[in-house]
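Chemist: If you want the building blocks of each chain, they are given just below.
4 protein chains.
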Amino acid sequence: MRKTATNSRNFELFCPTDFRYGVDDLASFLSEEAYVKYKARVEGALAIQLSRAGVCSRSVATEIARACQKVNAWEVYDEEARIKHDVRALANVIRRRVSDRAKPYVHLTATSYDIVDTANSLRFKDAVNQVVLPDLVKLERALIRISTRYAKSVQVGRTHGQHAEPITFGFFLSYYVSRLGKRILKMREAADNLTGKFAGAVGVYGPLSLVVGDPERFERELLRSLGLKPSEVSTQIVQPEAVADLMHCVVSTFGVLANFSRDMRHLQRTEIDEVSEEYSSKQVGSSTMPQKRNPISFENLESLWKKFMPQMVTVYLDQVSEHQRDLTNSSSQRYLPELIVAFDYCVRRLTKTIWDDAGKRPRIKINAKQMKRNLESSIDEMAAEPLYILLAAAGHRDAHEYVRTVVQRSIDASSSFRGAIKSDPKLQAYGNIIGEKMKFVENPELYIGLAARKTMTVAKIWEKLLRTELPG
Amino acid sequence: MRKTATNSRNFELFCPTDFRYGVDDLASFLSEEAYVKYKARVEGALAIQLSRAGVCSRSVATEIARACQKVNAWEVYDEEARIKHDVRALANVIRRRVSDRAKPYVHLTATSYDIVDTANSLRFKDAVNQVVLPDLVKLERALIRISTRYAKSVQVGRTHGQHAEPITFGFFLSYYVSRLGKRILKMREAADNLTGKFAGAVGVYGPLSLVVGDPERFERELLRSLGLKPSEVSTQIVQPEAVADLMHCVVSTFGVLANFSRDMRHLQRTEIDEVSEEYSSKQVGSSTMPQKRNPISFENLESLWKKFMPQMVTVYLDQVSEHQRDLTNSSSQRYLPELIVAFDYCVRRLTKTIWDDAGKRPRIKINAKQMKRNLESSIDEMAAEPLYILLAAAGHRDAHEYVRTVVQRSIDASSSFRGAIKSDPKLQAYGNIIGEKMKFVENPELYIGLAARKTMTVAKIWEKLLRTELPG
Amino acid sequence: MRKTATNSRNFELFCPTDFRYGVDDLASFLSEEAYVKYKARVEGALAIQLSRAGVCSRSVATEIARACQKVNAWEVYDEEARIKHDVRALANVIRRRVSDRAKPYVHLTATSYDIVDTANSLRFKDAVNQVVLPDLVKLERALIRISTRYAKSVQVGRTHGQHAEPITFGFFLSYYVSRLGKRILKMREAADNLTGKFAGAVGVYGPLSLVVGDPERFERELLRSLGLKPSEVSTQIVQPEAVADLMHCVVSTFGVLANFSRDMRHLQRTEIDEVSEEYSSKQVGSSTMPQKRNPISFENLESLWKKFMPQMVTVYLDQVSEHQRDLTNSSSQRYLPELIVAFDYCVRRLTKTIWDDAGKRPRIKINAKQMKRNLESSIDEMAAEPLYILLAAAGHRDAHEYVRTVVQRSIDASSSFRGAIKSDPKLQAYGNIIGEKMKFVENPELYIGLAARKTMTVAKIWEKLLRTELPG
Amino acid sequence: MRKTATNSRNFELFCPTDFRYGVDDLASFLSEEAYVKYKARVEGALAIQLSRAGVCSRSVATEIARACQKVNAWEVYDEEARIKHDVRALANVIRRRVSDRAKPYVHLTATSYDIVDTANSLRFKDAVNQVVLPDLVKLERALIRISTRYAKSVQVGRTHGQHAEPITFGFFLSYYVSRLGKRILKMREAADNLTGKFAGAVGVYGPLSLVVGDPERFERELLRSLGLKPSEVSTQIVQPEAVADLMHCVVSTFGVLANFSRDMRHLQRTEIDEVSEEYSSKQVGSSTMPQKRNPISFENLESLWKKFMPQMVTVYLDQVSEHQRDLTNSSSQRYLPELIVAFDYCVRRLTKTIWDDAGKRPRIKINAKQMKRNLESSIDEMAAEPLYILLAAAGHRDAHEYVRTVVQRSIDASSSFRGAIKSDPKLQAYGNIIGEKMKFVENPELYIGLAARKTMTVAKIWEKLLRTELPG
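Protein chains in written order, with the numbering used here: chain V, 10 to 481; chain G, 10 to 481; chain B, 10 to 481; chain W, 10 to 481.
In case anyone wonders, no lab produced these hints; they're calculated from the structure.
Check the hints yourself; a few may be wrong.
The list makes no distinction among identical chains, and a pair is therefore deemed to hold if it is satisfied within one copy or across any two copies.
Stated by the list, open to error - Computed list of lysine-lysine pairs in BS3-like fashion (alpha-carbon distance at most 27 angstroms, straight line):
no., residue 1, residue 2
1, K238, K195
2, K469, K195
3, K195, K291
4, K435, K291
5, K435, K191
6, K374, K93
7, K191, K238
8, K369, K161
9, K381, K446
10, K361, K469
11, K79, K431
12, K448, K195
13, K238, K291
14, K469, K435
Let's have the full structure, built from the sequences with the hints guiding it.
Modeler: See below:
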């Protein structure tokens, strides 16, 4: 229905989500038009349930449900302008489309938030299950593939921005495979836990108790027909924690991607140069420095994360609603779809940045040679840890302090640490005990521990979990 | 240019600011279209300054400046889609509109953020000075008028939600007159402190130093022609604190309005009933409870405050930009206009909610009788404070403890506190010392201190300051 | 070990958590002293595991483990002052306490964060399981008991601060029983998901791979001996999401309590007066208004929530750690214990405020008479909803609009709505159809729907869940 | 009074600010003990003003003022435990220390928050003026000195983490000299704008109006005696914006330091190696990697910024206080001192990290050679910008696109860009027009624009401003 963000050309707008960072595939769930349609759909389901409960006839219910399918945002907004109430406006619009005998049953027993909260849970669940999770799975699969491809490519591990000990590039990625995978499962669970409600204006099923025998069963069946569970107890609104949990999942997954993007853009630093974003031949890096090539997609993601992450404060503030509810969560809640959209935009952009799905290969440029070169620049000092461990395991009583002193002296003198060790007579005895493991001291690039193996294990775990837990 | 929010009917959008909470008058400053136009205007001013500095001819500069006036967002976005750089895209679009001899001087010496940061400072300044501040002044004037009208209407002062001592309704408002007034002056100052820059890609005026003799003077004069001051030192970007200060003003002013809205909606509580929002005869308060009349405008404002206030976290995060800048403030910064729009929407809605400008009278319904009734319901206990003060001033050694014991006993026994005092022989002596001031104990509704006078003083101060400091 | 907050008398401190809002029972988990002890305990477990893996002898391991039990914060801080590294300082302190032959095996194969992250997960888990969850269960039980006691006490339901339809006070509470109950289960799950790690400086098990055959098994067994699971893949640190999930549980549970406190303090408003905090005879409400009695505990909780909730922003920021980690989560992470402490302080204070455990009765004063009085003040209008529903169910085509018009007219005229209905000839026909359900229109205080029944059901559900899911 | 953080050895505490990140010099303003003393000092000033206004005798006032000087936190907390009100407890403690004839005048006419808010403004102002600002000035001076010392040391400017164009290290610093300088002036202004109040329980000067003729004058004179201005209108509390402005200054200054720290720790990256923190010979960098040297002070600062910056959300939330105040800002406000302390700790630690005050030289190690080496590694491409500018200024119609194509081709071919240009016959003509400025293309390390000069100018500006605006 909605044209691409670029085609939409809504440049008279204020908010960049719509003209710059939108996801068209989410429009049928998260646009305002979709919101109205979801609310109408809930009104339709209510009519059907009323007929099931014998309150109205089947034909009346069908008439209402059909009318609900035809509602559009335009007419509802027009009616709202007149009567200043959005959900009553919706009911009026539906009523206009049905016969007089059906009119009384439109919206009957419902309070506005029976409709609103149920519709929101429904569309958030649909958006997450139908778009966001599949998008995340694509990203996860891309990460898995790149990680296994580079499972053995040595790279220097960095802590505090300082060279530490060797890892592999695949292992670096497998950390994100695991973190992202776990978030995906968590998000699916949070989406499934979203609840609807049909308990009336203050949560005690007042209206329903006037017309049906078992209001809780009515609510349960109605929501089941929509694929939702009921809020255990409600006021005018559903318990806010289910949505808060989902948003926590979105924001914390965003954080994982932000961490990945931070890493990638630093790996693209001129001095490091281990990865870089693809660059088209027509692309301009700077309006004044013709030579520039920048990690703009990774920067973009981190920037959007900084923008949207603090919205969790709003989510937490919206947990507080006075008595059987005040309305101070209403406008703020209308911005939740945008958070999901901006997040999904980032998931898609990131996937496209790192993975060429047509070519089945990384789109990101990975410079394995430069990784090796960087590692080698401090390989001498990296012998320090394995030496310390091996000495200690061999019974040396001050292995850490001994090694620390020697290596720091070498660094200060810009001389060879391994040379200094070799020539130290005190170490001769230990050499024999240590035996062939001295190779890790002599060639620290071998000292990658389980990096390669673990990369493959993690890949297998998550390939399987994606298959079994998130089919489709 | 832009139609009203309702007329725009962009219901395919995700973000409510555009279809629900927008301010059309801000579109010419804060929409994406306006953003492009402001950037083009800065490019035009650059060309003029280049001619003033003798780098190009006057006619070339005029040609470029005219071309800049014709740029629109559509063509710039098209070009950006091709070359993936927004400001170079703008330069290309301008270049297309000028003759070959003018082409070299388009964007000459500028880096993208010379244009971007200058354009943003300019449009934020314009938006604040031309729309937001006048809107705030209207609200402030409305508050002043209502405050003086009710300067003497007694109301119970409440602390901790408990009746405390009497005030007047006008005095309650004068607290907001003062708080809002101070914020208005602060915001004007913050808008005036916004800075532009023309110091090139890393802030050292590299390009300018190749073509003009005094780059700092060039920058100063160019910015002066636009009504801005230069950032004292820049990197690729202006110092972020000027924008952070402006956003702090916006958010903290929002907080003042949120406090006012919180107060007003609680004063509308059924049990309190001292004020209420106007209600049209066709307006629906609830989709199921036909009797409801809710403080929806005050709730709406508090809700939007909860949504937008946490964006300050983004502003603070954006203070950190690595080395001569990274781009992680770019997308996030594109959302600053929306914050200003949502704030201004609230200012306007609040003004309309409380003040009928055509009728020159409050639109909010103020129930002075009910105020009096509420006060009277606990007037007996309110004698406690004046009695304690008068007793102590008369030399009673344990006045607070004495009064506390008597009044708590009266409360527990639901008996008259003033009766208990009158019949206490120990107090006879003090009565003589206290003299005619006993009237405040006998009639605590007189015990409003300077409430009325202060209301008038504050009104006068701010009427004058608005006149002298914010003319127009 | 630690004296009560009042007895500690550390008034030379800056931070109120320690001298004002502390929980002594958490000191053995969350104080700095406890932190050092937990780290030492992890070092001890490492030694034992090294002996199990054959790296050192059993007697050496036992010697180290015993030495670990004796470590205290003082000596570790002294050593840190000398060498400027906190965990190496700990290792040195342990080394000093053991024989020369044991020295090499202290901290062997570990990197600092193997110890730090494991110790933190361990103590957070212990603190939650041993103190916070039991405290929450006590609060939940108190809520359950008060809710069932007042299951049938009618109260007016309020939406937008306006009287809406009747509920019961027990039902109001059962909403919190359910919300809090769900958070308790979620928090237990989050605590159980905390992970440790023993994967070395960059996560590839470098050191372990030098001395044991199966490093992952070594890690698994070592952590199992401590009651933890391993992080699936680590860098220098565990994956941050497990802690983020726990903190989200803490903060969102805090939000539930903040909502409850907000409700309670408004129910204590002078005009509403339905509940009030207990007040001792010596207690002073105001330093100048001797009559004041304020809801200070509820205010206190809301205030601490406002203080600590935004710390989630820090938690989200700490998800980002560059490459195999930077240290910018170190100081910030040291403040996580305080968040748990302040939260638990609030849980305890809230429990004590509402429930007298010795007397097995509410400590909060509940004024059921006043609840009834408040309800009755607008009972006439509350007939509107049941009438609208019953009319519509009886086939009236414009029931909502009809009722809305009549009730608004009655409100404006301050006349009886039910009177107006009774005298309306148009309604005669419907009366017959509606039949005995007209009682809900005539006596809307009967119109409480399932309030009482649902209160009891929810109480039973959670009593059972607490028993089966959170025994002990 | 208070021992150093290390000596305090309060390891039974929960909050690291006190045992790890404290500033002893702030204890006499911001500790709880100091808070009590400041409140007592305000009570003393009140007594003196009462005597000036003729309410009590001079000797009574002096007696009270002297008693106020002797109050300590211990006794006040004891009394609070009894009566559950902190300020009445203080008044009682003072009363105990004075004769019977003085007792009535203790606290007379004051409400608690007359004392609390005035005391807080006073101690915040003192802490900022006497400790924080002097500390900031020391840091600013250190930055100025290092900037001028390295005014001409070329360094590569980096945007997006990519080499851009040359700057100087001094220029890099002068950006912070300017940003920090501006914040210092802003913070001084914010501290001076803090206000006190003496307007009673609901702000209308009720008590004062019973005993003095001109309550506003009484308030003005009393506050003047303490060095404060009055809040223009108050409720029970001062207008919250003055404190919010101060905290915004603290947090935004923290942001400037966080940016600087981020830069510095990245400049210490192994591959960049342009600066490094001083390292003592006994210092341990890693518990397992003996070779490590980490930028721990810069990491520490960024971490504490992440912890404390979000507290602004609390400050904004505390702007909202219902009616004439609720108490939900009370506990949260007690944490404001900690924010100032943690900030000042960072200022001091940063200063010590970069500047050796005894030796009057940088403590931070600056590797100017490595800076040159890094610059040279991409110097060839840096010719692109000056060439583009010079060509365009010489009338080339497509200078940017021409240079972009050539330089990208050179980068892709790893060949010399300057070589390619030299051999391009199309450029011959332009060479003549450009003339001697071709030196910037041939030797881009000369292309530093105004970097050196601007560094010196900024240094002079701020040296002078510190001298004239912040003497002492």
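Chemist: Decide, hint by hint, whether the structure agrees.
Modeler: Evaluated hints:
Taking the shortest Cα distances, K238 and K195 sit within 27 angstroms of each other both inside one copy (18 angstroms) and across copies (18 angstroms). For the identical chains of this complex, K469 and K195 are intra-copy neighbours only, at 19 angstroms inside a copy versus 29 angstroms across copies, given an alpha-carbon limit of 27 angstroms. In the homo-oligomer, the alpha carbons of K195 and K291 never lie at most 27 angstroms apart, since the shortest distance is 41 angstroms inside one protomer and 46 angstroms across protomers. Proximity of K435 to K291 under the C-alpha cut-off of 27 angstroms is restricted to the inter-copy arrangement: shortest distance 22 angstroms between copies versus 62 angstroms within a copy.
In this assembly of identical chains, the alpha carbons of K435 and K191 never lie at most 27 angstroms apart, being 49 angstroms within a copy and 59 angstroms across copies at closest. In this assembly of identical chains, the alpha carbons of K374 and K93 lie at most 27 angstroms apart only when taken from different copies (18 angstroms versus 55 angstroms within one copy). Within a single copy, K191 and K238 get their C-alpha atoms as close as 24 angstroms, and across copies as close as 15 angstroms, so both meet the 27 angstroms cut-off. For the identical chains of this complex, K369 and K161 are intra-copy neighbours only, at 19 angstroms inside a copy versus 50 angstroms across copies, given an alpha-carbon limit of 27 angstroms.
Only within a single protomer do K381 and K446 lie at most 27 angstroms apart by alpha-carbon distance; the minimum there is 22 angstroms, versus 41 angstroms between protomers. Taking the shortest Cα distances, K361 and K469 sit within 27 angstroms of each other inside one copy (23 angstroms), while across copies they are farther apart (50 angstroms). In the homo-oligomer, the alpha carbons of K79 and K431 never lie at most 27 angstroms apart, since the shortest distance is 84 angstroms inside one protomer and 39 angstroms across protomers. In this assembly of identical chains, the alpha carbons of K448 and K195 never lie at most 27 angstroms apart, being 43 angstroms within a copy and 49 angstroms across copies at closest.
Taking CA atoms no more than 27 angstroms apart as the test, K238 paired with K291 passes in neither setting, with 52 angstroms inside one copy and 36 angstroms between copies. In this assembly of identical chains, the alpha carbons of K469 and K435 never lie at most 27 angstroms apart, being 46 angstroms within a copy and 58 angstroms across copies at closest.
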